[in-house]
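*Asks:* Sequence:
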Amino acid sequence: MSAQDSYDDEPQFGWYAMIPNNSDVVELVVETLNTFKMPGYTLVLIPEGVACEAGMIYNAADGTFSYPVEESETS
1 MSAQDSYDDE PQFGWYAMIP NNSDVVELVV ETLNTFKMPG YTLVLIPEGV ACEAGMIYNA
61 ADGTFSYPVE ESETS
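Residues 1 to 75, numbered by our numbering, are exactly what the sequence shown covers, in order.
No lab work stands behind these hints, which were simulated from the structure alone.
All the pointers check out, no bait thrown in.
Here are the computed lysine to aspartate or glutamate pairs in the EDC-like style, where the Cα-Cα straight-line distance is at most 20 Å:
1) K37 <-> D24
2) K37 <-> E27
3) K37 <-> D9
4) K37 <-> E10
Work out the full structure: start from the sequences and follow the hints.
*Replies:* Take a look at the structure:
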């Protein structure tokens with residue numbers, strides 16, 4: 001086992017988006033350990049410098065967060 005492998009196994013704090021299973025909408029953003037689990041949710045690490053807040057949409061295909069597109073009042 002390399003030094004990097006042992007480092008990866010250590011609990012680390014980070015900011016995580018809590019997304020209900022079968023959804024792509026961020027319900028909550030929490031700072032917690034990478035070992036934290038919540039039944040019914042997927043926790044996605046938010047990379048440093050990336051904006052993420054409750055209500056944003058998570059795209060699992062490319063790992064990005066975006067604001068939902070609002071429909072205009074005229075449509």
